[in-house]
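Once you have looked at the hints, place chain H on chain E.
There are 2 protein chains.
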Amino acid sequence: MSRFSVTYRIFAPDLADARARAEGIALEQTVEVPRDVVPDSVVEAGILGQLEEIGREGDGRFRAVISYSPESAGAEFTQFLNVIFGNSSIQRGLRVIAIAPGPEMLARHPGARFGIAGLRRLSGRAQGGLIAPVIKPQGLDVAALAEIAYRCALSGADIVKEDHGITDQPMAPFRARVEAICAALARAASETGRRALYFPSVAGHSWEIRDNLHFARDAGADGFLIMPGLLGFGLMRAIASDPDLALPVMSHPSFLGPYVLSSDTGFEHGVMFGTLQRLAGADISVFPNTGGRFGFTRDECAAIATACRAGDGPGTPILPSPGGGMSVERAGEMAAMYGPDVVYLLGGSLLRLGARIGEGIAAMRDAVDRADAG
Amino acid sequence: MSRFSVTYRIFAPDLADARARAEGIALEQTVEVPRDVVPDSVVEAGILGQLEEIGREGDGRFRAVISYSPESAGAEFTQFLNVIFGNSSIQRGLRVIAIAPGPEMLARHPGARFGIAGLRRLSGRAQGGLIAPVIKPQGLDVAALAEIAYRCALSGADIVKEDHGITDQPMAPFRARVEAICAALARAASETGRRALYFPSVAGHSWEIRDNLHFARDAGADGFLIMPGLLGFGLMRAIASDPDLALPVMSHPSFLGPYVLSSDTGFEHGVMFGTLQRLAGADISVFPNTGGRFGFTRDECAAIATACRAGDGPGTPILPSPGGGMSVERAGEMAAMYGPDVVYLLGGSLLRLGARIGEGIAAMRDAVDRADAG
Numbered sequence: 000m001s002r003f004s005v006t007y008r009i010f011a012p013d014l015a016d017a018r019a020r021a022e023g024i025a026l027e028q029t030v031e032v033p034r035d036v037v038p039d040s041v042v043e044a045g046i047l048g049q050l051e052e053i054g055r056e057g058d059g060r061f062r063a064v065i066s067y068s069p070e071s072a073g074a075e076f077t078q079f080l081n082v083i084f085g086n087s088s089i090q091r092g093l094r095v096i097a098i099a100p101g102p103e104m105l106a107r108h109p110g111a112r113f114g115i116a117g118l119r120r121l122s123g124r125a126q127g128g129l130i131a132p133v134i135k136p137q138g139l140d141v142a143a144l145a146e147i148a149y150r151c152a153l154s155g156a157d158i159v160k161e162d163h164g165i166t167d168q169p170m171a172p173f174r175a176r177v178e179a180i181c182a183a184l185a186r187a188a189s190e191t192g193r194r195a196l197y198f199p200s201v202a203g204h205s206w207e208i209r210d211n212l213h214f215a216r217d218a219g220a221d222g223f224l225i226m227p228g229l230l231g232f233g234l235m236r237a238i239a240s241d242p243d244l245a246l247p248v249m250s251h252p253s254f255l256g257p258y259v260l261s262s263d264t265g266f267e268h269g270v271m272f273g274t275l276q277r278l279a280g281a282d283i284s285v286f287p288n289t290g291g292r293f294g295f296t297r298d299e300c301a302a303i304a305t306a307c308r309a310g311d312g313p314g315t316p317i318l319p320s321p322g323g324g325m326s327v328e329r330a331g332e333m334a335a336m337y338g339p340d341v342v343y344l345l346g347g348s349l350l351r352l353g354a355r356i357g358e359g360i361a362a363m364r365d366a367v368d369r370a371d372a373g
Numbered sequence: 000m001s002r003f004s005v006t007y008r009i010f011a012p013d014l015a016d017a018r019a020r021a022e023g024i025a026l027e028q029t030v031e032v033p034r035d036v037v038p039d040s041v042v043e044a045g046i047l048g049q050l051e052e053i054g055r056e057g058d059g060r061f062r063a064v065i066s067y068s069p070e071s072a073g074a075e076f077t078q079f080l081n082v083i084f085g086n087s088s089i090q091r092g093l094r095v096i097a098i099a100p101g102p103e104m105l106a107r108h109p110g111a112r113f114g115i116a117g118l119r120r121l122s123g124r125a126q127g128g129l130i131a132p133v134i135k136p137q138g139l140d141v142a143a144l145a146e147i148a149y150r151c152a153l154s155g156a157d158i159v160k161e162d163h164g165i166t167d168q169p170m171a172p173f174r175a176r177v178e179a180i181c182a183a184l185a186r187a188a189s190e191t192g193r194r195a196l197y198f199p200s201v202a203g204h205s206w207e208i209r210d211n212l213h214f215a216r217d218a219g220a221d222g223f224l225i226m227p228g229l230l231g232f233g234l235m236r237a238i239a240s241d242p243d244l245a246l247p248v249m250s251h252p253s254f255l256g257p258y259v260l261s262s263d264t265g266f267e268h269g270v271m272f273g274t275l276q277r278l279a280g281a282d283i284s285v286f287p288n289t290g291g292r293f294g295f296t297r298d299e300c301a302a303i304a305t306a307c308r309a310g311d312g313p314g315t316p317i318l319p320s321p322g323g324g325m326s327v328e329r330a331g332e333m334a335a336m337y338g339p340d341v342v343y344l345l346g347g348s349l350l351r352l353g354a355r356i357g358e359g360i361a362a363m364r365d366a367v368d369r370a371d372a373g
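Chain order of the listed sequences is E and H.
Residues in the first sequence are numbered from 0 upward in steps of one, following numbering that gives the first Met the number 0.
Residues in the second sequence are numbered from 0 upward in steps of one, following numbering that gives the first Met the number 0.
For reference, chain E alone in the conformation it holds in the complex (with noise of 0.2 Å):
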């Protein structure tokens, strides 16, 4: 059975100890006991990790690559996570900065299901950036999400985002929410002959989030927003693969920032906001956009967006989705850096206009266009 590998940057004093550090973790990874206490039988079935390769890459750092046999990570991607990064995430100076999944597990994990090329199959939007409006602020009533969404969708919004913050508050409650939601967004359909696709924020107490999914699904929804960081990576997964919601997954990364944030622990930008989401099952990757009010560099974003759309996988290539401090103004700036195949949330600077936030989504949507056209 094909195994997957993980590549580790570790941070050692020298090529010794490293090498130390990396048996450590592929010990630590699946059987959790010294060497000397693994039974045979345990051996001969290749449940070990095994140290493939180890090398300098630059002053007191290394990078080795660890394979794991398939049945270590078993069907459940909480498990494949767990192999991949679970107990050796509590080690300081250790960060996962490839996963290569092979085979076996690609089929078992076989990444988006709509991706880029469903993506605009479902919104219409056959080129171009795709422009995301958020629904919000949280405290507003159903009511007033209802006519923003609207606004959006009567404007050319592709996709309806509600904000991740808005979940099932007493203020405006899941169920009443989407289905006034899906009312607004049916009603600027009848008048404009295009539907925005419309994602809800998944909520609810866990024993109620497949039945809440469910009813957004019969209501009109056309995907979800969900929270990996927060609700697991897991459950976006099954999400993602259910066969009876059979709908888009836009992910938040909400909660994830320790996991990128220091260089010396978590996961490189990519592989947390690319590779991992893709692996999941997201068809969007949300991030904090560079410029914005989170300190991600120009590069850490864009190894995001490569991440995501690599031709090479895993799975189909997905839309890198940049958030936070985007705007008209930065359209240009961010389609030069992005190119097409990107999908656009704005937020607060939508807000800001009011009821005349249906000007904003327009002139976003030319700002783009003229930038992806040259």
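Calculated from the structure, these hints are not laboratory results.
Keep in mind it's a predicted model, so treat the numbers as computed, not measured.
Ideal placement from N, C-alpha and C gives every residue a C-beta, glycine not left out.
Part of the chain H face toward chain E, derived, beta carbon under 7 Å:
1. Val41
2. Asn86
3. Gly265
4. Gly347
Then chain H, alone, in the frame of chain E:
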């Protein structure tokens, strides 16, 4: 409605900068739009985060207390955590150092169902440290794992805990394993007259988890091991409060490392492995012990134990459970450090004994009792 508050450590060059950061967080974590865009109705409803206090903590470090409305956090634990540290987790130089839930959020998330007192009652260990061998390694079959569980129970284990890396792999599928281990522990109990508690590892794809938990309960499991870092704190909260399960929960730190490892992001150790676990309903909080193969300091571990057991909440005190590098040789040192209200996880050092694993449990019991007696 009583507000809850979060204390953040902000890394900033001066107080003015720290204040601006704090005011930004109060917006980011609630309405997520600039202040001038917030509708009056939302302001009047108290939805905005409010900066209650800010002061210098040290060189380049400030302490800010921000209060939030329970309306922002709604009823789901996930959303509570989203308000505490969702998007702000992506800002560099920001760390959660305290959470004060206040009466309203505490009514929604009242903490552990069992806690220290409940676990002592269930286990029959009225005083002294509890001993919890870890059933592993991954790769053994059902019969081999059940045999280890049997030997541990026979020799006085209080809790037989499965390794967090054992879920539903083909080598030992969840349901077959749970049934076999329950039978093995019943056999041991019939011989000793005392029942070891059995905590299987939560397994299954998202939609199957609840059925699996009911299966395990019906088979005779006494509690569950769950990794909130991978499965979500909301799921742990759901399991801990499920009236149909009504079993204790042991929380495992897998995948949570990056939240504590860097001092300028994430959570203080005591908040992550104490306060947050208590709010999410854990009865036992596993964390990496000092002196083992993880780098936690003695002070960090002591802070975790204190946060787990503090008499003033949130909720009832729970059991800290240091793991990693635990052994009979260290029992005295550990008992002096942690006192009697603790669960000692024993893994690799026990398995090295092979068929004589029971002798290890008995030796640990003896060492802990002698140390607890002073």
